[in-house]
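We have chain P; now place chain X with the ligands onto it with these hints.
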Amino acid sequence: MDTGNSEELRRPPLKTWSAFGNLGRRPSEYEIVTHQMNHTLRDKPLEIGPDRHGNRWLVRHRDAAKFAVKDWDGFRDPDQLTYRKYVTSQDNSETYLDAVLQEFDQLGRAETAPDFLQACLTPSRYLAHGLQMMSAYLQQLAPSAYVGNCAAFQTADHLRRVQRVAYRTKQLDRTYPGRSFGTTERRAWEQAPAWQGLRKGIERLLVAFDWDDAFVGLNLVVKPLADELTLRQFAVAARHLNTELDALVADNLFLDAERSRRWSAALTRFAIAEDSVNLGRLHTLIAKWRPLADEIVETGSRLSEAFLPGLNSSDQIAAAAVGAWRSFLEEAGLQA
Amino acid sequence: MLLDRDDWYGVAHDLEWSLSYVEHEDAFPDAWTGSNGIPREAWRAWEEPFRVSYRDYVAVQREKEAGVAGVRDALKRSRVYQNLHPSFAAVSHLHMGATCMIEQMAVMMLGRFARFAPSPRWRNISVFGMLDEIRHAQLDLLFSHDLLKYDSRFDWCQKAFHSNEWAIIAIRSFCDDWMLDTNCIDAALAVNLTFEHGFTNMQFVALAADAMEAGDVGFSNLLSSIQTDEARHAQQGFPTLEVLMKHDPERAQRVLDVSFWRSFRLFQAMTGPAMDYYTPLDRRTMSFKEFMLEWVVDQHERTLRDYGLKRPWYWDTFLQSLEHGHHALHLGMWFWRPTLFWKPSAGVSKVERRWLNDKYPSWEDSWGVLWDEIIQNVNHGRMAQTLPETLPALCNLTQLPIGTHLDRHHLECVTREHHGRMYYFDSEVSKWCFEQEPERYAGHLNVVDRFVAGLIQPADLSGVLQWMGLTPDVMGDDAVDYSWARDYLPDAQSAG
Ligand SMILES: [Fe+2]
Ligand SMILES: [Fe+2]
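For the protein sequence lines, the chains are P and X, in the order given.
Mapping to the numbering used here: the first sequence position 319 is 319, numbers consecutive.
Mapping to the numbering used here: the second sequence position 165 is 165, numbers consecutive.
Hints should not be assumed to be uniformly reliable.
Stated by the list, open to error - The calculated SDA-like cross-link candidates involving lysine to any residue, where the alpha carbons are at most 25 Å apart (straight line), are: (1) X/K76 <-> X/V205; (2) X/K76 <-> P/F20; (3) X/K64 <-> P/H35; (4) X/K149 <-> P/G21.
What the hints assert, rightly or not - Calculated from the model, a selection of chain P residues having no Cβ within reach of chain X, i.e. all distances over 12 Å: (5) R25; (6) D63; (7) R76; (8) S89; (9) R239; (10) L241; (11) R259; (12) F270; (13) R281; (14) K288; (15) E331; (16) L334.
Stated by the list, open to error - Covered stretches of chain P (chain X as the covering partner; in silico rule of three or more C-beta atoms under 8 Å from a C-beta of chain X): (17) 99-109; (18) 118-132; (19) 143-150.
Note that these hints are calculated values from the structure, not bench results.
In this text, a Cβ means the ideal position worked out from N, Cα and C, and glycines have one as well.
In isolation and in its complexed conformation, chain P is listed as follows:
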């Protein structure tokens, strides 16, 4: 047979992946390492029996989603994160946090708010772990590596948070050996009324298996509210209570939260621009999560209440959190 190899010499060399087709420009490094890097976007996603669990799961929970566009590979992360960019910028953030911790250590400042921290900070490792698990779920169900990689980095952001909280927990434990820092948090997370909205949010997410439902529930509702309440509003309270160290850590962790919002809003705007029907689909999903959002705000805004008498009422905290959430949704082309 003729394999036609003589043509080999006649073809001009490729400038980039043939998968880009006629891009009309040089792809960025970010695009080169992300484009079409999900091989399961096919009729039968996996190369196994069509009725196997894994195939059925992807077909049912990903490919059947109503929130859809023709090609999710058209989506771009506004931060254009690659692995290298991620570890570089996160190393900078971690170096900054190390410096903050060191500075406070050198100043020899005493802890000022152990009760507040035991109620509002240290139990948050459970919350962060929940957000971490859910971000990992988004990664594996994402209909494109452009989406999946954002979710993977977001997963790692939460491990960062878990470990930073654990670090502070242990410091507090060393300072106050009688208070059982490190072991009281589970009870707080499971039973303290102010945590229950958030815990319910996480647990409900853990059974939200459709990828669009999980995306909306996590990145548009539960996570932004959790970040407002337990990072931004937490930092406000921490400053009132003179524990500036914890405020600075929370501020820095909030930078990760903002990155999550940037790509989430970009994704919804992209989907709406691709197909305006998506606007209604997103609002339907948000409406589904809305009662839970109210519960999260209602309970979560009381986290620091007892520690700020006459300063910051839970109503003010709730209003601030909801206001920030609304403007994020507006950024995302949506309303709550």
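Relative to chain P, chain X with the ligands alone:
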């Protein structure tokens, strides 16, 4: 006071809570955790095999990335690739095409662990593995993209897994199965412990050494840098095996036996030819068999012994296959070279053939005659007879050609009927794997099944090549333009 990692590490892993708004079983379904029959408390014994903080991880990895970026820049200015031996270039095409997407699949697999693994320690440690695998995929893509201007075959680094190229289908069928369809526990045993720790980690070490020998500094550096991550996260399978041994040792044995055979068959197809035929003779450090015996077999036996498991029942067959299988696969792949996206090196010049006979005493008897026929045809210009007209029969389990697990005298097909359909296997072992869980494979069609079902049109070899995505600029041909066959011309001055 400032703390060390080990001071706070325990707190960061104390993350289990009792779900009360939803059922635990709904949030952590057995189908994904794989925890059926293993009590939840059992997973408290799961100890991470390595400790790393996020803080250290990003610092160390940033350094590694800077190192690799430096190598990449230097490479762009050098002429290393242009000066590379063509058959070693084939190794890099094959490697990039066959592994890049596996790295990205591993992101999904580790994402699954980070979500569904039955221990929070395991879930946490998987996050680092997930990042590692993004790194590996992205490095492969960057290095390959740099080389596109010299060779469009590097396009297949990105493209291969979107194609229907048969070797890629064989890899996909193993990886989709064990990485993406399988529950966390079985996947950790099959992929982390067997495939990564047992096979690929070692392959990276060997391949990096070979690449260095062959003068491909960039490829070598890349592989070594990736291997430092692999060596770490491939450890995840051990604590999982430890827990499983206490509760379901039979399951552990079965998963390891199936995945060892499947990993081995893939390695025979991909690494065997690369080591014993593509790598230039003066650069070969050991034969594929020697490598397997020293690095893979030894280690696997040790793991089995350490955990109180038996050698797989097929051990004798495996050792026989180690002597022959990759030679059969190589011959088949070279003959069906238009179905490859790289240019296989025949690797049977007289001096190479002496090496083969030296390393594999039965080589001549098994494969010499067949190569002699090819050599005759090449030297008489009968090229059509060195090329295929049809497809080979393929195994319904491994997706590899039937007749490729032993020598030339054992080419028979093994069959088994299941729910009215006849399935074909390359060996008794593959049939046994199928029988462990027939439903796992039952509805799947291999390339030949699809051809017969009329799913590939036009229904001839050209249609198949088109369906496989093999454009003329990448379609496989002999790596060195058949120059090795001249050794056998009557008036040739033999090189050795
Ligand atoms: Fe890897
Ligand atoms: Fe790996």
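Structure-based check of each hint:
{"no.": "1", "hint": "X/K76 <-> X/V205", "in the structure": "holds, 24 Å"}
{"no.": "2", "hint": "X/K76 <-> P/F20", "in the structure": "holds, 22 Å"}
{"no.": "3", "hint": "X/K64 <-> P/H35", "in the structure": "holds, 24 Å"}
{"no.": "4", "hint": "X/K149 <-> P/G21", "in the structure": "holds, 16 Å"}
{"no.": "5", "hint": "R25", "in the structure": "holds, 15 Å"}
{"no.": "6", "hint": "D63", "in the structure": "holds, 14 Å"}
{"no.": "7", "hint": "R76", "in the structure": "holds, 16 Å"}
{"no.": "8", "hint": "S89", "in the structure": "violated, 9 Å"}
{"no.": "9", "hint": "R239", "in the structure": "holds, 23 Å"}
{"no.": "10", "hint": "L241", "in the structure": "holds, 21 Å"}
{"no.": "11", "hint": "R259", "in the structure": "holds, 15 Å"}
{"no.": "12", "hint": "F270", "in the structure": "holds, 22 Å"}
{"no.": "13", "hint": "R281", "in the structure": "holds, 24 Å"}
{"no.": "14", "hint": "K288", "in the structure": "holds, 15 Å"}
{"no.": "15", "hint": "E331", "in the structure": "holds, 27 Å"}
{"no.": "16", "hint": "L334", "in the structure": "holds, 26 Å"}
{"no.": "17", "hint": "99-109", "in the structure": "holds (count 3)"}
{"no.": "18", "hint": "118-132", "in the structure": "holds (count 4)"}
{"no.": "19", "hint": "143-150", "in the structure": "holds (count 3)"}
The structure shown violates just one earlier hint, number 8.
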